[in-house]
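Visitor: Chains A and B are the protein sequences, given in the same order. When we follow numbering that gives the first Met the number 0, the leftmost residue of the first sequence carries the number 0, and every step to the right adds one. When we follow numbering that gives the first Met the number 0, the leftmost residue of the second sequence carries the number 0, and every step to the right adds one.
Please note that a few of the clues may not be correct.
Some but not every residue of chain A turned toward chain B, in silico, with C-beta under 8 Å [stated by the list, open to error]:
| id | residue |
| --- | --- |
| 1 | LEU231 |
| 2 | GLU235 |
| 3 | GLN259 |
| 4 | VAL261 |
| 5 | GLN265 |
| 6 | SER389 |
| 7 | ASP396 |
No lab work stands behind these hints, which were simulated from the structure alone. Cβ coordinates follow ideal geometry from the N, Cα and C atoms, glycine included.
So you can see what is in the structure, the chains are spelled out below.
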Amino acid sequence: MKSNKKKIARKRTIFYLTWVLSIFIFLAGCGSSSPSQLHSADSQGTETVKEDLILAVGKTDIGMFDPKKGWGTHAQIRLTHSSLLTIDSELNFIGDLAESYTVSEDALTWTFPLRDDVKFSNGELVTAEDVKFTYEMLKEDGIKFDLSFVESIEVTDNTVVIRLLEPRSTFVSQLTEIGIVPEAHYDDSYSQNPIGSGPYQVVQYDDGQQIIMEYNPYWYGKEPQFKKLTLLLLEEDAALAAAKAGQADIVYVPPTFAEQKVNGMQLLAFESIDSRGIMLPTVPSGGKGRTNDKEVDAGNDVTSDLAIRQALNIGLDRQMLLDVALDGYGQKAYCLCDGLPWFNEETVIEDGDIEAAKKILSDGGWVDTDRDGIVEKNGLKAEFDMYFSSSDQLRSDLSLAVADQATEFGIKINLIGATWDEIYLKGKTGAVAWGGGRHHPHQLYTMNSSEVIDTGYNNMSNYKNPKVDEYLKKALNAVTQEEANKYWKLAQWDGETGFSGLGDAPIVWLLRVDHLYLANEKLNLGKQPIHSHGHEWALFGNITEWTWGN
Amino acid sequence: MPSLQEGFNARKRMLLLMAGSFGFLLVVLILSFGLSNDHLRLGAGGKNLAPSLEHWFGTDWLGRDMFTRTIKGLRLSLAVGAFTSLISVLIATVLGICAATFGKAVDTVISWLIDLFIGMPHLVFMVLICFIVGGGVQGIVLGISLTHWTALARVVRSEVLQIKTAEYIQVSKGLGRSAWFIARKHIMPAVFPQIMIGFLLMFPHVILHEAALTFLGFGLSPQTPAIGIILSEAMNHISTGKWWLVVFPGLLLVVVIKSFDSIGEQFRILMEPSSSNE
Numbered sequence: 000m001k002s003n004k005k006k007i008a009r010k011r012t013i014f015y016l017t018w019v020l021s022i023f024i025f026l027a028g029c030g031s032s033s034p035s036q037l038h039s040a041d042s043q044g045t046e047t048v049k050e051d052l053i054l055a056v057g058k059t060d061i062g063m064f065d066p067k068k069g070w071g072t073h074a075q076i077r078l079t080h081s082s083l084l085t086i087d088s089e090l091n092f093i094g095d096l097a098e099s100y101t102v103s104e105d106a107l108t109w110t111f112p113l114r115d116d117v118k119f120s121n122g123e124l125v126t127a128e129d130v131k132f133t134y135e136m137l138k139e140d141g142i143k144f145d146l147s148f149v150e151s152i153e154v155t156d157n158t159v160v161i162r163l164l165e166p167r168s169t170f171v172s173q174l175t176e177i178g179i180v181p182e183a184h185y186d187d188s189y190s191q192n193p194i195g196s197g198p199y200q201v202v203q204y205d206d207g208q209q210i211i212m213e214y215n216p217y218w219y220g221k222e223p224q225f226k227k228l229t230l231l232l233l234e235e236d237a238a239l240a241a242a243k244a245g246q247a248d249i250v251y252v253p254p255t256f257a258e259q260k261v262n263g264m265q266l267l268a269f270e271s272i273d274s275r276g277i278m279l280p281t282v283p284s285g286g287k288g289r290t291n292d293k294e295v296d297a298g299n300d301v302t303s304d305l306a307i308r309q310a311l312n313i314g315l316d317r318q319m320l321l322d323v324a325l326d327g328y329g330q331k332a333y334c335l336c337d338g339l340p341w342f343n344e345e346t347v348i349e350d351g352d353i354e355a356a357k358k359i360l361s362d363g364g365w366v367d368t369d370r371d372g373i374v375e376k377n378g379l380k381a382e383f384d385m386y387f388s389s390s391d392q393l394r395s396d397l398s399l400a401v402a403d404q405a406t407e408f409g410i411k412i413n414l415i416g417a418t419w420d421e422i423y424l425k426g427k428t429g430a431v432a433w434g435g436g437r438h439h440p441h442q443l444y445t446m447n448s449s450e451v452i453d454t455g456y457n458n459m460s461n462y463k464n465p466k467v468d469e470y471l472k473k474a475l476n477a478v479t480q481e482e483a484n485k486y487w488k489l490a491q492w493d494g495e496t497g498f499s500g501l502g503d504a505p506i507v508w509l510l511r512v513d514h515l516y517l518a519n520e521k522l523n524l525g526k527q528p529i530h531s532h533g534h535e536w537a538l539f540g541n542i543t544e545w546t547w548g549n
Numbered sequence: 000m001p002s003l004q005e006g007f008n009a010r011k012r013m014l015l016l017m018a019g020s021f022g023f024l025l026v027v028l029i030l031s032f033g034l035s036n037d038h039l040r041l042g043a044g045g046k047n048l049a050p051s052l053e054h055w056f057g058t059d060w061l062g063r064d065m066f067t068r069t070i071k072g073l074r075l076s077l078a079v080g081a082f083t084s085l086i087s088v089l090i091a092t093v094l095g096i097c098a099a100t101f102g103k104a105v106d107t108v109i110s111w112l113i114d115l116f117i118g119m120p121h122l123v124f125m126v127l128i129c130f131i132v133g134g135g136v137q138g139i140v141l142g143i144s145l146t147h148w149t150a151l152a153r154v155v156r157s158e159v160l161q162i163k164t165a166e167y168i169q170v171s172k173g174l175g176r177s178a179w180f181i182a183r184k185h186i187m188p189a190v191f192p193q194i195m196i197g198f199l200l201m202f203p204h205v206i207l208h209e210a211a212l213t214f215l216g217f218g219l220s221p222q223t224p225a226i227g228i229i230l231s232e233a234m235n236h237i238s239t240g241k242w243w244l245v246v247f248p249g250l251l252l253v254v255v256i257k258s259f260d261s262i263g264e265q266f267r268i269l270m271e272p273s274s275s276n277e
């Protein structure tokens with residue numbers, strides 16, 4: 000007994016020692032950070048023109064700087080790269096590398112005369128050959144950017160001519176997303192040593208810690224006021240703490256932090272097409288599929304039942320979700336593209352209708368026979384797992400709110416917080432708190448067409464509807480934007496079927512999230528276009544217009 | 000009982016303390032069943048309320064009542080604690096007695112096993128097991144119970160070794176009783192008090208580790224009220240000044256652990272009065 004007690008006593012001593020030690024380390028950490036805080040306050044006071052900005056706008060690790068790894072798929076490229084075209088604050092396509100562009104009558108030949116004064120950050124000219132190289136490299140890779148419809152890329156003088164196999168209505172937006180890389184310096188280690196022709200060049204990237212960018216002296220556009228950007232890759236609460244300590248000039252805040260007051264900072268809210276919804280597998284369990292080139296299990300017996308998906312679409316109260324999870328900082332969403340020219344307004348419904356949801360369920364054979372509040376069909380309970388990114392406060396809150404509301408009409412959702420790697424592995428077997436939203440309709444195709452099942456993380460729900468496929472194909476191959484928009488709308492709902500909540504609802508879209516930032520009062524972010532998915536990079540489209548008023 | 004002669008007051012105080020701790024735990028348990036799940040529903044109205052008469056522990060950023068969440072979380076802790084301690088004690092008893100009675104070879108193997116398990120850092124080992132099993136409650140139970148039996152197994156082993164040399168065991172052996180009979184009829188009753196105390200003292204330890212594992216987010220859904228989850232979620236909001244999300248659940252966890260600790264300690268002193276002056 001004595002030995003037992005001694006052992007416990009020793010354990011306790013170690014426990015206390017650990018505590019004291021950890022508190023000491025914690026204090027030491029605080030101590031070392033305060034001088035830098037003083038320093039930043041100093042420099043703010045004495046400088047007349049502020050040239051460096053410290054930002055904490057999110058933790059991002061998508062395809063660092065390499066288009067082949069996905070740099071550009073989340074509107075990231077504006078800081079570091081330039082592209083053939085870009086968009087202005089009214090979402091018009093304007094030239095970037097290309098001085099202008101012309102499209103032939105049959106929409107198969109695209110001609111881009113290039114500017115001749117554009118240089119990479121190492122001083123070398125950006126040539127038409129680099130453009131050709133970038134596009135051909137991505138076409139061959141075919142994973143992050145689908146360019147399979149490109150027939151040939153020809154270079155004459157300083158003009159790029161791209162010929163397509165078939166008309167492609169979303170090609171124009173891809174032209175704004177693909178950052179041009181230098182043929183001479185591009186290899187597999189490009190991420191470590193990225194050379195681009197954007198207004199900034201990456202001088203330091205510490206994986207998961209920070210990105211430091213400096214002004215690219217060869218930049219051909221308007222010279223930005225800020226010559227150095229330090230992007231701190233902080234968790235949301237750490238970012239808020241940094242803002243409170245005066246260590247950051249602009250930070251992203253989730254809606255739960257929106258009511259926080261920080262001295263000298265103001266809350267900026269930007270409307271976005273950044274949508275959130277629930278991705279629901281549409282095939283029964285037991286199958287296999289591929290996500291990001293890994294073989295994964297696919298299918299879910301509950302969510303593959305149409306009644307379940309439709310009940311969620313009509314039963315969930317979007318306004319309530321907005322109020323609970325977003326503190327009202329957002330808009331309701333019924334599709335991935337609400338408010339954009341290709342949105343079918345017929346899909347807007349009266350939601351939060353629990354009776355209607357119950358009716359859909361009982362018509363579909365789902366009844367609560369054992370009186371436990373959850374409906375069953377043939378002995379199968381209406382219960383499924385739903386994954387969400389555990390580092391994302393907003394998705395976590397939204398998932399909790401969705402699960403809470405779903406119990407009201409008899410669907411039980413078990414939430415699982417996970418990393419994105421785990422989510423991609425398990426995502427085809429359960430629901431996922433999904434997100435998306437771009438300045439172009441291409442995602443409608445990648446999320447709903449059966450042609451792209453098993454590539455990347457496209458069409459995670461393995462949704463297949465021949466009619467929708469046909470509309471999507473027609474929209475994609477449309478010669479004019481008007482024609483394309485007509486088919487995008489039909490694919491959502493044609494009166495009988497579609498991928499929207501009225502139809503098959505492979506993804507039940509719920510909300511559009513306002514992007515919220517706490518920014519220094521003196522910082523002027525210019526006129527921001529409506530934000531696309533990804534609060535980390537959506538800000539930087541007009542970086543050269545940012546100013547600091549003293 | 001010898002303690003009767005040593006001093007009635009000390010014993011009385013002990014019993015009072017024990018009764019107090021028991022009472023507190025009982026109240027927590029009863030409350031955890033009595034409180035309605037409706038308090039856990041999300042609501043836009045009652046978000047971020049500071050503690051008040053209506054919401055003793057305040058509400059969180061989604062409008063859930065923190066008192067209900069905390070109490071229900073403690074119930075999970077207690078259930079996991081009881082179940083896990085039981086498994087641990089079972090493993091410890093069986094292995095401890097086997098090591099001491101079934102000869103040198105078995106003893107060597109089991110001692111080696113104990114050393115192996117003690118040698119590995121608890122938390123890392125638990126996380127590992129939890130991960131392999133696939134998380135969730137069963138992952139936590141297995142993870143903790145497979146790592147917490149070692150100290151008790153050693154105690155049981157040495158106790159049994161000590162008893163084994165006692166005369167009545169020798170007599171029993173001389174009478175031709177089997178090792179199994181001796182283990183069951185002679186040794187078990189003698190080491191039972193040790194096991195009981197081991198069980199009670201393991202409880203607070205196990206609850207702390209359960210909180211640690213759920214804090215790290217091993218497989219429990221965020222809907223499940225669990226102390227660790229409550230604390231780790233509150234971490235994200237502490238910077239916004241919502242102190243009540245951390246203070247009350249943390250405090251209650253400490254009180255519950257201390258209650259168990261004192262029950263175990265008092266029980267030990269009652270059973271072994273000779274050690275009460277240590």
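Visitor: Now, for every hint given, state plainly whether the structure supports it.
Guide: Taking the hints in turn, this is what the structure says about them:
1. LEU231: violated (15 Å)
2. GLU235: holds (7 Å)
3. GLN259: holds (6 Å)
4. VAL261: This interface hint is violated because 11 Å lies over the 8 Å limit.
5. GLN265: violated (17 Å)
6. SER389: With a closest approach of 6 Å, the SER389 (chain A) hint holds.
7. ASP396: holds (6 Å)
In the structure shown, a violation is registered for the earlier hints numbered 1, 4 and 5, in ascending order.
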